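Peer 1: The lines below spell out each chain.
Protein chains: 2
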Amino acid sequence: MNLTILGCYAATPRTFTNPTSQVLEIRNRLFLIDCGEGTQVQLRKNKIRFSKINHIFISHLHGDHFFGLIGLISTFALLNRVTDLNIYGPKGIKEIIQLQLKLSNSWTSYGLFFHELESKETRIVFEDEKVMVKTIPLKHRVYTNGFLFQEKIRERKLNIEAVEKYGIEKCYYQNIKNGKDIILESGELIENHLITSDPVLPMSYAFCSDTAYNESIIPMINNVDVLYHEATFLDSEAKLAQKTMHSTAKQAATIAFKANVKKLILGHYSTRYESIEIFRTEAEVIFQNVLLAEDGKSFEF
Amino acid sequence: MNLTILGCYAATPRTFTNPTSQVLEIRNRLFLIDCGEGTQVQLRKNKIRFSKINHIFISHLHGDHFFGLIGLISTFALLNRVTDLNIYGPKGIKEIIQLQLKLSNSWTSYGLFFHELESKETRIVFEDEKVMVKTIPLKHRVYTNGFLFQEKIRERKLNIEAVEKYGIEKCYYQNIKNGKDIILESGELIENHLITSDPVLPMSYAFCSDTAYNESIIPMINNVDVLYHEATFLDSEAKLAQKTMHSTAKQAATIAFKANVKKLILGHYSTRYESIEIFRTEAEVIFQNVLLAEDGKSFEF
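Those sequence lines, one after another, are chains A and B.
So in the working numbering the end of the first sequence lands on 1257, straight run, no missing numbers.
So in the working numbering the end of the second sequence lands on 1257, straight run, no missing numbers.
Heads up, a few of these hints could be off.
Copies of the same chain are indistinguishable here, so a pair counts whether it falls within one copy or spans any two.
Under the rule of at most 25 Å between Cα atoms (straight-line distance), these lysine-lysine pairs were calculated in the PhoX-like manner [stated by the list, open to error]:
#1 K1253 / K1001
#2 K1058 / K1199
#3 K1058 / K1076
#4 K1113 / K1126
#5 K1003 / K1253
#6 K1058 / K1095
#7 K1047 / K1058
#8 K1076 / K1047
#9 K1214 / K1076
#10 K1195 / K1214
#11 K1218 / K1108
Read the hints as simulated data drawn from the structure, not as lab findings.
These figures come from a predicted structure and were not determined experimentally.
Please build the complete structure, drawing on both the sequences and the hints.
Peer 2: In structure tokens, the structure reads:
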């Protein structure tokens, strides 16, 4: 699982900082999460191939999370993209994009599918044989969802030496990888654990931005490998965080601790702070494994 | 008169090139012309004060000319702007902006006024005591206007030595600067030209992008000091230019020559060309005074 941060600052794009956007690669699938202004240039700078992006998840309709979407959609069309593109985001996003395409008299060369969200409960929004994506309802000034990316349980690993020892034919391998026991021609039962080993544990990633401190998300993100939680402010601005329905670094760490996640990535920093290192310092008092998002940084998990 | 190019490339923003946007400063007024994605960052990079921008002119609703507008409008609000902002652009622009503000539940802290254009004839869209702005109807795939910025004729320059010699009182100075003759108490008539000199000639700037080759604009831009004319392609792509309703460098130069302008700035280059110098070479065969737009370049006239 690989995460590339394209932008991790709040509010407005600036000379050296970008609004929210990130690319999650999991089981060879690429998911673009949020798309602030300038995302298409950040994708180019980080050498992420446009053609690999087929699914875009938008958390909410504040500009720093979606103003780059129309530009990316248009660029895909200018590049004569043919593959379908799926957009998952709050109700209204389809109207915004379609109005702009209509008024510019330009239509996409590819299938553009909107999956509009309006439920306040968690929903499965994407699923294939390897990955599932669910919404994580968040608390913010407008309707907002985080997203939980879960790798599905992998096949058991075949112990080639063992299956050959028992003379098991190749046509049974898939059943064995799926966990089935085998009865040999001699009638002997070979239990699965004798010819396989446990698969690599499935990975999970939770993106939670923007949100006020909200303990109700804990059951959903319990034990995830990586939690990206917004930390717009430091504890010194806790009142402002509450008023604007954002979180502090301390609150993000508290959620990480209570949800027993393995790693916490902080991001969505207000541009008022000169250094982001202090976010880590504040969070580490409560939760040990803290990473700091930075524009252009990649994390391998 | 000062012109700063924020972006001068066609189609999509890329790592080192920006879509159309430019700032014209004329008689201490700042006019933002077009607003492709990333314009707000380009304004920051070029140290142009956001608070000086009160009038934004949008030529047409193709993304590379206006996708940065909603971001700029939102940023102004986040910065608690109070001064009115005026947007001049094709019908539909108000709906696009207002829909996005509504869905993000964010409203501007300042007066946001839309002046929607739909006439196919030239119209005065802005006028104050020093500057007038008119539309230049262009030929493109969607409804498009160029803009003609005309400085008004300045007051005549007072010859202080001469007025003192005649003993003329200060209360008559404004009339003299306005071109009036003066009758002294002695009854002697002093003709205006004896006590003033000609004012600096008013400057004019014509922005013409995007457009197919279109001789009907010549009467409007005749004799302007500076013409910015799109040159998306070279003559080798003349057929493509015709099909997409763009111009070649040669065609831009032909318009400049026929309209007898003083200087021609080329821009809106297709990103297919490795060097832009060849645009100048091609244009100079027809018209001598050719300048090349470049992102971040300022021209003083």
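Peer 1: Which of the numbered hints are not met once you compare them with the structure shown?
Peer 2: No numbers; nothing is violated.
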